[in-house]
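Just so you know, the protein sequences line up as chains A and B, in that order.
Heads up: take any position in the first sequence, counting from 1, add 671, and you land on this note's numbering.
Heads up: take any position in the second sequence, counting from 1, add 25, and you land on this note's numbering.
The set of hints was computed from the structure by calculation and includes no laboratory data.
A hint or two may mislead.
Said to hold, decoys possible - Okay, the calculated bits of chain B under chain A, using three or more residues with CB under 8 Å as the criterion: (1) 67-74; (2) 98-104; (3) 110-120.
Unchecked claim - Distance condition first, Cα-Cα at most 20 Å in a straight line; then the derived SDA-like pairs of lysine to any residue: (4) B:LYS28 with A:LYS742; (5) A:LYS728 with B:GLY68; (6) B:LYS28 with A:GLY674; (7) B:LYS98 with B:ASP51; (8) B:LYS28 with A:LYS682; (9) A:LYS742 with A:LYS682; (10) A:LYS682 with B:ALA26; (11) B:LYS95 with A:ASN689; (12) A:LYS728 with B:ASP80.
To be verified - Residues on chain B that point at chain A, a partial pick, calculated with CB under 10 Å: (13) PRO34; (14) PRO55; (15) LEU59; (16) LYS141.
For each residue, glycine too, the CB sits at the ideal point set by N, CA and C.
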Amino acid sequence: DTGVSQDPRHKITKRGQNVTFRCDPISEHNRLYWYRQTLGQGPEFLTYFQNEAQLEKSRLLSDRFSAERPKGSFSTLEIQRTEQGDSAMYLCASSWTAGVPGELFFGEGSRLTVL
Amino acid sequence: AQKITQTQPGMFVQEKEAVTLDCTYDTSDPSYGLFWYKQPSSGEMIFLIYQGSYDQQNATEGRYSLNFQKARKSANLVISASQLGDSAMYFCAMRDHGSSNTGKLIFGQGTTLQVKP
Chain A
672 DTGVSQDPRH
682 KITKRGQNVT
692 FRCDPISEHN
702 RLYWYRQTLG
712 QGPEFLTYFQ
722 NEAQLEKSRL
732 LSDRFSAERP
742 KGSFSTLEIQ
752 RTEQGDSAMY
762 LCASSWTAGV
772 PGELFFGEGS
782 RLTVL
Chain B
26 AQKITQTQPG
36 MFVQEKEAVT
46 LDCTYDTSDP
56 SYGLFWYKQP
66 SSGEMIFLIY
76 QGSYDQQNAT
86 EGRYSLNFQK
96 ARKSANLVIS
106 ASQLGDSAMY
116 FCAMRDHGSS
126 NTGKLIFGQG
136 TTLQVKP
């Protein structure tokens, strides 16, 4: 399968623990996005990369959140000192610059539950 | 501020019939893009259709069409000949202000569609 893959699909953690999510985009895509989706809501933009450069971060991305894309391929999203309010689905998407801006290819998401 | 509004939390449609999912938007930008995505229970968001603000004709993609009424700021999704596999959550989205060439999108709250056999 050559789609966007995310790992883990589900993560249950205790408040205060650190968690890390990984996203492998479609190989020829140079743009990678992270979105967060809470229950019953639409996704909210968190951050995006073009190649290895993080070009934009949302105000939603507090200093407990850090995202990286070190070699311009896969990306990681780390949440430090998790809080119950961090419980959500974290969606990764990728696209290429030649495509329609906004036509994103999403993974199936990583669902985080903070107890 | 930019905003997407989907006023129908849930919709039912009989298999093989057509259904319209409503979406209104608010923006002061003259150039913008509107999108519809489908989210099945698996969680993966699937791109369905795109409409640019300067496009003269309504977008169509197979059984999906976008009823774009610029003056009313509406971008309703029409699904023709509904199938059981169309049961999912549907999101309307707009490119964020100042993000004309990126995938930074603002999403509505979604509409759950259930197709009855």
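Outcome of the hint check:
Check on the region 67-74 of chain B: 6 of its residues sit with their Cβ under 8 Å from a Cβ of chain A, so the three-residue criterion for coverage holds. For the region 98-104 of chain B, the stated coverage by chain A is violated: 0 residues have a C-beta nearer than 8 Å to a C-beta of that chain, whereas at least 3 were required. Coverage of the region 110-120 of chain B by chain A holds in this model, with 3 residues showing a Cβ closer than 8 Å to a Cβ of that chain against a need of three. A distance of roughly 35 Å separates the Cα atoms of LYS28 (chain B) and LYS742 (chain A); the hinted pair therefore is violated under the 20 Å criterion.
Between LYS728 (chain A) and GLY68 (chain B), the direct Cα distance comes to roughly 23 Å. Violation of the 20 Å bound is thereby established for this hinted pair. A hinted pair counts as satisfied when its Cα atoms are at most 20 Å apart, and LYS28 (chain B) with GLY674 (chain A) does not qualify at roughly 30 Å. Under the criterion of a C-alpha separation no larger than 20 Å, the hint pairing LYS98 (chain B) with ASP51 (chain B) is consistent with the structure, at around 7 Å. Taken as a hint, the LYS28 (chain B) and LYS682 (chain A) pair is broken in the structure, with Cα atoms around 31 Å apart against an allowance of 20 Å.
Taken as a hint, the LYS742 (chain A) and LYS682 (chain A) pair is broken in the structure, with Cα atoms around 25 Å apart against an allowance of 20 Å. For the given pair, LYS682 (chain A) sits about 34 Å from ALA26 (chain B) by alpha-carbon distance, which is inconsistent with the 20 Å threshold. Straight-line distance between C-alpha atoms of LYS95 (chain B) and ASN689 (chain A) comes to about 46 Å, which puts the hinted pair past the 20 Å bound. A hinted pair counts as satisfied when its Cα atoms are at most 20 Å apart, and LYS728 (chain A) with ASP80 (chain B) does not qualify at roughly 30 Å.
The interface hint given for PRO34 (chain B) is met, as the beta carbon of that residue sits about 9 Å from the closest beta carbon of chain A, less than 10 Å. A hinted interface residue such as PRO55 (chain B) counts as satisfied when its beta carbon comes closer than 10 Å to some beta carbon of chain A; here the least separation is about 16 Å, so the hint is violated. For the restraint placing LEU59 (chain B) at the interface with chain A, the shortest Cβ-Cβ distance is roughly 9 Å, inside the 10 Å limit, so the hint holds. The closest approach between the C-beta of LYS141 (chain B) and any C-beta of chain A is roughly 22 Å, which is over the 10 Å cut-off, so the hint fails.
Consistency with the previously given hints fails for numbers 2, 4, 5, 6, 8, 9, 10, 11, 12, 14, 16, ordered from lowest to highest.
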